[in-house]
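Modelling step: build the complete structure from the supplied sequences, incorporating the hints.
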Amino acid sequence: MNPQANLIFIISLLLGTTITISSNHWIMAWAGLEINTLAILPLISKSHHPRAIEAATKYFLTQSAASALVLFSSMTNAWHTGQWDITQLTHPTSSLILTSAIAMKLGLVPFHFWFPEVLQGSPLTTGLLLSTIMKLPPIALLYMTSHSLNPTLLTTLAILSTALGGWMGLNQTQIRKVLAFSSISHLGWMAIIIIYNPKLTLLNFYLYAMMTATIFLTLNTIKVLKLSTLMTAWTKIPSLNAMLLLTLLSLAGLPPLTGFLPKWLIIQELTKQDMAPAATLISLLSLLSLFFYLRLAYCTTITLPPHTTNHMKQWRTNKSTSIMIAILTTMSVLLLPISPMILTIV
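The opening residue of the sequence shown carries number 19 in this note's numbering; numbering runs sequentially from there.
Treat the hints as calculated values from the structure; they're not laboratory data. Quick caveat: nothing in here was measured; it's all calculated off a predicted structure. No residue lacks a Cβ here, since even glycine has one placed at the ideal position from N, Cα and C. Keep in mind that a hint or two might mislead.
Stated by the list, open to error - Ranges between beta-carbon positions, derived for each pair:
(1) L243 / T321: 45 to 51 Å
(2) K217 / H98: 16 to 22 Å
(3) F90 / N42: 17 to 23 Å
(4) T36 / I341: 22 to 28 Å
(5) T36 / N189: 35 to 41 Å
Shown next, in the form of structure tokens:
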């Protein structure tokens, strides 16, 4: 893709995200979501492969439907209350429609079917944007309306997302699909706590985005898309492979790594809210996703001899990307000891 066009699309993405996050009026938030959708479509389909075109089409259709529902929800609320302010979403029907729309935007169960397909059809860099920055505006809208959402509905969606995200990722061999189901599972953890402690949802999202960015950038550096190629990629940058193993275990939420922090805090908060059964259930369901993280981690540690036919030797690495991966990896693995400081900031 033309670098100028690429820059325009990236700036449009940042603009759309900023508009949605900083707006008070529903129409402005909707406009930001639309800018985001239109800016990411060329980035998904830039390879001109039929799978990429299919992914872009699926993404466009689902996001358009979700945006229409957001607009319908805000209009219904304005019709009943006379309020266009995002924080004044008080009508129960409107909040129900909005929850469905945001679930569709994020890829929560039962509106999750588009996400693995779209991620599989996108390049790794676009997949990174889809998994992180594209999730921020819908989560910001949930954060702003968290006081008026239906707790039962969100808890149900969250537990279903954690269950299906773990279960459907078990037999995948494509790494992008595994990361898509991992994202669905993590969104379940974010959705269950948003009503009781919205700041915890944001903390969980920031840490999830950081760990996912590390994994996508690492995979992009070693040029790996499948489990079979991951097994032979250790010869390219062995140290990076070792750090990928730790980052995957951190994303799984194992102590003493960074990914354990949000899970620990969410379970603690749910117990305080007399939701010990929900906390137990979501913890047990996260064991499903732990299995496929361990499978990925196991594949990174297998040191098979590289196949001479399809092995691409790297002569040099991109310096700026290497520094970014080094910083992100360190943060993805070692932030748990400074959790008290993180909590005071949050």
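Hint check results:
1. Look at L243 against T321: about 19 Å separates their beta carbons, and that is not inside 45 to 51 Å.
2. The given range of 16 to 22 Å is broken by K217 and H98, whose C-beta atoms sit roughly 29 Å from each other.
3. Our hint of 17 to 23 Å for F90 and N42 holds, since their Cβ atoms are close to 19 Å apart.
4. With their beta carbons about 26 Å apart, T36 and I341 fall inside the hinted range of 22 to 28 Å.
5. Roughly 39 Å separates the CB atoms of T36 and N189, a value that falls within the hinted 35 to 41 Å.
In terms of the numbered hints stated before, the structure departs from hints 1 and 2, listed from lowest to highest.
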